[in-house]
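Q: Chain residues, written in single-letter form:
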Amino acid sequence: MTEFSPFTAVIGQPFMQRALVGGLLTGALGGLLGSFAVLRQLSFFSDALGHSALLGISLGILLGLNPTLVLIPFAVLFALLVNLLVQRSQLPTDALLNIVYSTSLAFAVVALSLVTTYKGGIQQLLFGDILGISWLDLALIAVLLVAAVAYLLVSLRAQVLVTLHADLAGAFGVGSQWHRIAFILLLAVVVAVSIKAVGVLLISAFVVIPACASRLVSRRFGTYLVLSSVIGGGCAVLGLLGSGLTNLPSGPCVVIVQFFGFLLALGVSLWRRGRGRAALA
Amino acid sequence: MAVLEVEGLRVLRDGVLAVDDVSFQLAAESDTALVGPNGAGKSSLVGAILGLIPRQAGEVRILGHRLGPAGQLPGQVRAQLAFLPQALPLQGRLPLTVAEFVGFGWDPPGPRLPWIGGAERRSAVRSALVKTGCGPLAERLLSELSGGQLKRVLLAFCVVRPRRLLVLDEAQAGLDAPSTEQFHSLLFDLRRSEGWTVLQVSHDLDMVRRSCDQVLCLNRQLRCSGRPELALSRAQLERLYDPADLPSHPRRQAPMGRPRIG
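Chains as they are written, first to last, in this note's numbering: chain A, 674 to 954; chain B, 28 to 289.
Since the hints were made in silico from the structure, they are not lab data.
Fair warning: this is a prediction, and the values are worked out from it, not measured in the lab.
There may be inaccurate statements among the hints.
Unchecked claim - Calculated from the model, a selection of chain B residues having no Cβ within reach of chain A, i.e. all distances over 12 angstroms:
hint, residue
1, A54
2, T124
3, G201
4, P255
What the hints assert, rightly or not - Quick list of the computed label-pair ranges, beta carbon to beta carbon:
hint, chain 1, residue 1, chain 2, residue 2, range
5, B, Q83, A, A812, 15 to 23 angstroms
6, B, P141, A, P765, 41 to 49 angstroms
7, B, V43, A, L769, 19 to 27 angstroms
Each residue gets a CB set at the ideal place from its N, CA and C atoms; glycine is no exception.
For reference, chain A alone in the conformation it holds in the complex (with noise of 0.2 angstroms):
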C-alpha cells in the first residue's frame, strides 16, 4: 500500500494545484505591478480600490449577475473617477481616496444587507477564496500577467521617467499623462481580477509587500522588478502550501509570509548597511 506525506496529500488536490498557480501567478503579478505602484505612492490607491471593490462585488449580486465581471468595469470606472478628481479638486490624494473608498464600502455593505438570495459568505469576499478559484480565472489572470509583462517592458523608458520626473519623460518624448492613466487602468484590473483569490482586505498587502522587500535589497531597476515579481509569486505558493498544511486560512496565511519575507529583506538591508559603514569606518 502506498503511503502519502501530507505534503504529497495537499498537493495532489486538484483544487489546491489551481490554487497553487493561481497563487503564484496573482503573487507574481501584484509583485510586478506593485514594483511601480509603491514607487508612484499608489500603494493606497490599491488598498482603496480593494476596498471599493466589495461595492462592485455587491452590485453584480443584487442584479443577479457574475461579481468577477461586474468587477473589471467597474474597478475601471473606480480609477477613472478617482484620476479625474485627484487632477481636477485641490484635495491631497489619501484625503480623497478615503473619502471615495469608506462610502464605497458603506454603500457595499448596506447593498449586501438587502441581498437575501447571496450563498458566499462575507468572510470570502473580504479574504479572498483561493482555493475555489476556477481554470477561467487561471487563464484571465496568466493573460493579465503576460500584457502586464509585454506592456511593462516595451514602456521601460516611460516608466522609469515618469516615476523619476513628469517633466523630464515629456521633454523626452514620454506621454505622461497617457502613461499615467494605462498603469492606472492596469493596476485597477489586475486588483479586480485578483479580488476573488486575494480578498478585498488583502489585496493591497499582494501589490506593496512584495515591492517593499525587493526595494530594500535591490541594487538595480532591472533586478528590482525581477525580485518583486519572484517575492510575490513565491511568498504566495509558500504561503498556500502552509495554509494547506495546516489547515489555516488561505489568503492570510500568504500574507504572513510575504510578511515574513519583508522582514527577511529589511534584515539584510540593515545588515548591508552596517558592513558598509563599518568599511568606511
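Take the given structure of chain A and dock chain B to it, following the hints.
A: Quick look at chain B alone, frame taken from chain A:
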C-alpha cells in the same frame, strides 16, 4: 536655419497670463540665457517650448518643425531635444543606477524592447559617463549622489546620444559655488564639443555674463534681448526687476575654462 523659433507665444498658467507675445530665435550652437525675476514666466516659457504646457497663441518651431498644440513633434526631432530640470525630487525612491538611468537617455522615444541595441547602448553609456567625468559613478544609485554629481549625471543623460537643443531650467539651483562653477565649465565644454544650442533659465547673472552669447530678459513679456553686456546693463536690470529684487553688481571672475571634475 534657427534651431528654435518662437513667435508671438502666449501661455496661461492656472488661468493667469504667464507669457505674453514672446518672440525670439536661437541660432545653431548659441548659448542663450533666459533671465527675469521670480514669477516672470521663465519656467512657463520653457514648458511651452518643450510642449509640456499648452500655449494659447503663437508658434514654436524646433529644427524647422512646428510644435503641435499638445506638444507633438516627429520622433526624430524630439530625439534631438534634451532637458535638464532643477532637481529630481524622487531620485531617492528608485533603485536605479547611474548607468541604467543614462541608458534610458540613449533609448529613442516610443515603445522598444530593452534588449535591442544592447552593445551600442552600453558603449554610448560608457562614452557619456567618461565625457562627463561620471565613469566611477556608473554603479552608484541615483540616491547616493551629491547635488553636483547628479547634475553631471543629468548631463550624461543628455549627451548619451547626439542632440541639437538643450534646455536647462535653473539647473544650477541648489549647488554650492564650486559645484556651480564645475557644472558650468562642463556644460561650456560639452556645448562646444557636441554642437549643442543651449537655452538656460538662470538667476546667476555673473555666469550669464561670462558664458552666454545672448540674453532674453523676461517679465511676462520680453523686456530686452541681446548680448549680455547690453541686455544686463544696470539700466536694463532696473527696468526688469523690482528694486528689492535687483541682483547685485557682477563679481569679477575668470572666463569659463576646462571643467575640474573631482
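Q: Take the hints in turn and mark each one as holding or not.
A: So, going through the hints one by one against the coordinates:
Every Cβ of chain A is farther than 12 angstroms from the Cβ of A54 (chain B); the closest lies at roughly 21 angstroms, confirming the non-interface assignment. Here T124 (chain B) does not stay apart from chain A, with its beta-carbon only about 6 angstroms from theirs, under the 12 angstroms limit. Taking the minimum C-beta to C-beta distance to chain A, about 15 angstroms, the non-interface status of G201 (chain B) holds against the 12 angstroms cut. Every CB of chain A lies more than 12 angstroms from the CB of P255 (chain B), the least distance being 26 angstroms, so the non-interface label holds.
Taking 15 to 23 angstroms as the suggested C-beta distance range, the pair Q83 (chain B) and A812 (chain A) does not conform, at roughly 50 angstroms. Our hint of 41 to 49 angstroms for P141 (chain B) and P765 (chain A) is violated, since their Cβ atoms are close to 35 angstroms apart. Hint check: V43 (chain B) to L769 (chain A), Cβ distance near 25 angstroms, so the stated range 19 to 27 angstroms holds.
Hints 2, 5 and 6 from the earlier list are contradicted by this structure; the remaining hints agree with it.
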